[in-house]
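Could you slot chain A onto chain V? The hints should help.
So you can see what is in the structure, the chains are spelled out below.
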Amino acid sequence: MRNNLDTQAQQYWRANIRTVLGCLLVWFLVSFGAGIIFAEALNGIMVGGFPLGFWFAQQGSIVVFLLLIIFYAWRMNRLDRQFNVDEI
Amino acid sequence: MELQTLTYLVVGATFALYIGIAIWTRAATTGDFYVAGKGVHPIANGMATGADWMSAASFISMAGLIAFLGYGGSVYLMGWTGGYVLLAMLLAPYLRKYGKFTVPEFIGDRYYSDSARVVAVVCLIFISFVYVAGQMRGVGIVFSRFLEVSIEVGLVVGMGIVFIYAVLGGMKGITYTQVAQYVVLITAYIVPAIFISLQLTGNPVPPLGLGSSLVDTPGVSADGVYLLERLNAVVTELGFAAYTDGQKSVIDLFAITAALMVGTAGLPHVIVRFFTVPRVRDARSSAGWALFFIALLYLCAPAVGAMARYNLMDTLQVGAVGAPDGNLLYEERPAWMQRWEQTGLLKFEDKNGDGRIQYYNPTGMSDALEQQYGWAGNELTVDRDIMVLANPEIAGLPNWVIALVAAGGIAAALSTAAGLLLVISSSISHDLMKSTFARNITEKQELLAGRIAAGFAILIAGYLGYNPPGFVAEVVAFAFGLAASSLFPAIMMGIFAKRVNREGAIAGMLAGLIFTMGYIVYFKGIFIDPIGVNTPENWLLGISPEGIGFVGMLLNFALAFAISKMTAAPPREIQELVDYIRSPRGAKAAVDH
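Top to bottom, those sequences are chains V and A.
Each residue of the first sequence is one higher than the one before, starting from 1 at the first, in the working numbering.
Each residue of the second sequence is one higher than the one before, starting from 1 at the first, in the working numbering.
If we strip away everything but chain A, and leave its shape as in the complex, we get:
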C-alpha cells in the first residue's frame, strides 16, 4: 500500500481509539474532572504519566540532540529521568495523602496564604503555556510532513481531538487516552530502534546494541570494532568532538542536569498525576511504574542517537576522508535525503563545486588539511529534529513502520498537550474561581467553568502553535528553571520543614522566580533583546541559562529558611496538617473531600 494511504489509516485508527475512550470515560463530577475520581490503577497511572511526560521533545527531538551532542546529550537523559527519584521520594506520596485537587491548592493551604496560592498559579500557567505552544507546533509539523496537509489544517485537527477528550473527559478521559497513547508512542519508538540495532550490530536490544561491535556488511569487514569506537574515529577525523567525550564544562553539565531533575519533579502536570491513584503506597509504586515506562524509551534514545549519527556519517562519507571520491555524489543521494530536502530541514550547498557532499566541522579541522582536501566549508545542514522521523527511512524499513512513527509523534504531542491544558483549566476554575475570587459557585458551575477554561486554553495553545513566538525554543529552559526555582522548593519545604512559614515561602518563591527569570532574559532575551552575550565567559560561575534554575532553587531554599527563622512559626493547625501529610494512614478517606 502507498505510504500516504497507510499513514492516514494508522493515524485515523489511533484517533478513533482516543475519541472512543474519551466518550467511554466521560467525567461527571469535579473529582472525575480534576483527579479522575482518584481511582486509577498505579500501572495505568504509570503509563499515563509516561505519555503525559514524554512530549514531542522526548519523542522527536531528544535522540537527535544526543546524536549531535554525543556525551553532552546525557544531561537530558539523566535530568529527565532522575527527577522521578525526587518525585517518588520527596513529593508524590505526601501530596497524595494531602488528597486535594491542584498544586497551588497545596501551596495555598500549607502556607495559609492566598498570595502564595496566586503566585503558584502564575508559575503554573506560565510553565504550562510555554510547554503547550511547543507541543502544538510539533503536532502541526508531524501532520504537514506525513499527511501532506498545511500546518494550519494539522493544528485544527489536533486541537479538535484534544478538545473532545480534555473537555469531555477531564482528567478521567485524559488518563485512559494517555494509556492508549503511551502504547502507540512506545511501539512507534522501539520497533525502528530494534531494526536499526539489528542492522548495525546484530543485537536486537538497542541499549545493548549501543555497546556492541559492528557487523560485517557485504564487501566490508568491520573487524569486530565497537560501534562507539568506530563512531569516535569517524567524527574526530572530520573535525567534530569525540562522541563519548564532553564539550561542556563539568560545572555546567552539573547545573543543567540538576535543574532538569528538579524541574521535572516540580512540573505541575506531572505532579498532579499522582493525585489520581487510590492510596499513598500506590503513589510510590506508580512513580516506579512511570519511570519504568519512561525508561523503555530513554534507554533506547542513546542507541537511536548514536546509530542515526553513524548511519548519517556512513551514508555521506563513502570512502577515505580527503580522497577525491571519498564523499557521496549529490546526484546519488538516497531517496530519504531528497524527501527531507523538500521540507527545508536538510540543505545542501556545493561550496567547492565538486558535486560531492562534504559534511565536516570546519572549526575543528586545520586550514592546511582543508586546503589539501580542496574543501571550502561544510556543505550540509541537517536539522536535529529529523533524526528520529527519518530513521526508518534511512534504515530502509517498510512503510507501515514510517506510518507508525507518524502516529507515535502525534500521540506524544497530543498526550502532553492534553495534560498541560488540564492543569491550566483546573487552576483557573478551582484555584482562581472556586477558592479565591468566586467562592459561591456550585460544583456544577465549577465543572462548567473548568470546561470553558479548557476550551479557551486550547484556542490559545492553537494560536501559539500557529504563531509561535520566536522564543519557543528558548523558553524550555524557562519552564524547567521556573519549576525548579519556585514550585519544587515550596512544595518540598512544605512537607519536610515544618518551621518554614508563609513569609519565608513567598519570599523564597519570588526570589527564585525573579532571579531565574532575570538571568534567562538577560542572556536569551524574551520580549526584549538579550542584554548580555550568551557565552561561557559571561556566565555566573560558568553556568548557562539552561542550568541557572539550580542556582535559583538554592537561593529559594536559603532565603525561605532565613526569613522563616526571623518571623513567627506557622500556626498550630498547619503543623498538624504537616503531621497528617507525613503519615500514610487515612489517605482513602481523603477521597470524599
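For reference, chain V alone in the conformation it holds in the complex:
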C-alpha cells in the first residue's frame, strides 16, 4: 500500500515538473527569445505602431507572464485533485 502511495506521489511530482518546464520554456521564449535575442529581427515586423521585438520586450512578455501563472495555477489545482493531494 505504502509503495503504491509512493509511486503516486512520484507521478504527481513528475506531472508537476512537466507543467513547470513547459511554462518556463514559454517564459524564456517570449522574454529572452523574442524580447532580446531575436528582438532586432522581429523589429522588422510592424504590428500597428509597434516594432514586434520592442513590443515583446516592453509589453508582450508581461502579458504572457500573467497568462502563464494563471494557466499554472489552474493546471496545478487540477493535478492536486487528480492525484488526491489537494487540501481538505
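Mixed in with the good hints, there may be bad ones.
Away from chain A, derived, C-beta distances all over 10 Å, residues of chain V [what the hints assert, rightly or not]:
1) T7
2) I45
3) Q82
Stretches of chain A that chain V covers, calculated by requiring three or more beta carbons in the stretch to come under 8 Å of a beta carbon on chain V [unchecked claim]:
4) 88-94
5) 227-234
6) 281-289
7) 298-304
8) 398-406
9) 574-584
Chain V side only, calculated, beta carbon under 8 Å to chain A, not exhaustive [unchecked claim]:
10) S31
11) I36
12) N43
13) G44
14) G49
15) F54
16) Q59
17) L66
18) L68
19) D80
20) V85
I should point out that these hints are in silico values taken from the structure, not numbers from a laboratory.
Glycine included, each C-beta is placed from N, C-alpha and C at the ideal position.
Same frame as chain V, now just chain A:
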C-alpha cells in the same frame, strides 16, 4: 483650491486612512506579527504584494529610465515582472506548505544547519537595508518637493507613520495598509497616464496609445504618423539612439534581465508575503493576482516613458532642427520647467549664448552639423527621476491630479519600507534570538523583541535616508545580485533537489555571494574606490555589474551540486521534509505551528 493646500489635504487623508487601518488590525500574537495569522485573502495579498514590491523606484524612477533608455529600459520591465513566474512556480507554493515564519528559517531547517541560517540572515539584512535607505530618501524628496518642508521633516513624518503601523500591526497591519496604499498608488499612476495618452493619441488606454498614431494638434497635422515612429525620427535627428533600438549588447541585456528576474524571486520581503495566505493553492493564485496588480502599472510605464520623452522633445524643439528659431526661447519656457529648476533637478546653461535651449546628444552628432547650426553643446540637464512627477504638470492636468501623484509616490515608498522593516525585525527576533541565540524567551518576549527590532530598524533607515551613503544608487544592483546569487538558488534547490546537502548549500551561497560582491565592488567601489574601470571592454564576458548576479547564481548552483555529490546525502528526516513540502495536502494544519 491652491495646489499646496490640496496636496496637504490628499496626503493627510491617506495618512489618516493608513493609521486607522493599523489600529483596526493590531497584531496580538507572533503569528499575526510575522505572517498576519495566515488568514489573508489571495486577492488582498496580491494587492499588498504589489504595493510591497513597487517601490519609489518603480513609481518614480522607472518610467523616467525607460524614457531616456528607450528599448534598453526593457530589462527593468521584463526583469521585474518575469521574476513572478519563477516565484509562482518554483518557490511560493512550497514555502507556504512548509508553513513557518521566515526565509532564513526555511534555509536553516532544510539544510539542518544554524550556519546556513545565519548566512541567510546576513544576506537578508544587507539586501533589505540597501533597499530601505533608497525608500526613505524617496519619502524625503517627495515631501520636500510637494509639501515644501525640509527633507528632515519629511523623513521624520514618514518614519513616524511607518513606525505606527509596522510596530503596532506587524505583518497584519502592514498587509491591510498596503492594500490601501496599492489603491492610492495605482490610481495616482494611471489617471495622468490616461490623460496624456488621450492628449497625444486619442486612445484612453495607455499601453495601446503607445502603439497608436499621433492626433492632430491645432495648426499642425500629424499625418497619422505613429507615436514611436515620430519619436524615433525626433531623437535620432538630435543625435540620440533610436528609441526602439538597443544601446546595450545582447549578452548584457540577457544577463541583467536574468539577474533582475531571479533577484526579484529571491527578495525576502516579497517571498514572505506568500507565507500569509491560508492554503497552497492560494499561494499560487495569489502570485497571479500580484503580477496582475503589478502589470497594471508596468504596462503603463512604457507608455508614460515614451510619451514623457516625446512631450519633452516637442516642448523644446519647436521648429526644424538646426533652424535659427528651431529651439525654445529660454524666456518662454513653461511654468513646470521653472518649478523644477528650483529643485536643481533641471538645469539650463546657455553655452552658445543665443537665449534658446538646445537639447541634443553632442557625441551622436557630427562636428560639421554642430558648427553649421551654431551649437556649442547640450544645454539642458534633466534628472530622469522627475519625469513621472512632472508629467501631470507637463500635460497641464488639474491640481488634484498633481496632489494625487504626490500621495502615490509617498504610498509607494512607505509600503515598501514597511515590508522591508518587517523582514529585518522578524529575522532578528525570530531567527537570531528565538531560534539561535536566546532560545528560552516566551512568545510575549519574542513579540516585544520584534517590535523593538522594528523600531531600531526604522531609526537606522531614517539615518540612512538622511545621510545616504554615496553608494545608494550603486547598491541596487547589489541587492538584486545578492538575492539572485545566494538566497534564490538555496531555496530552489531545497525544494527541487533532494540530494543537495548542508555542505553544498553553504558553499554555494558563500561562493555566489563573494563572487557577486567582489565583482560589484571591483567595478563600482563600495566603501573603497573602484579598482577596475567600469567599461564594457573590462567586463567579464561583457556582463556589467548589474547583470553579474546571474553568473553568481550559476556558480552557486554548480558548486552546490558538485560538493553535494562528493559529501554525504542529507539525513532521512530532511528527505521526508522535502516530500512533505512537495505535496499540498495538510497545509492548513501548518497554521497551528
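Checked hints:
no. : hint    : result
1   : T7      : holds (13 Å)
2   : I45     : holds (12 Å)
3   : Q82     : holds (12 Å)
4   : 88-94   : holds (count 4)
5   : 227-234 : holds (count 3)
6   : 281-289 : holds (count 5)
7   : 298-304 : holds (count 3)
8   : 398-406 : violated (count 0)
9   : 574-584 : holds (count 4)
10  : S31     : holds (5 Å)
11  : I36     : holds (5 Å)
12  : N43     : holds (7 Å)
13  : G44     : violated (12 Å)
14  : G49     : holds (3 Å)
15  : F54     : holds (4 Å)
16  : Q59     : holds (6 Å)
17  : L66     : holds (5 Å)
18  : L68     : holds (6 Å)
19  : D80     : holds (5 Å)
20  : V85     : holds (5 Å)
Checked against the numbered hints given earlier, this structure breaks hints 8 and 13; the rest are met.
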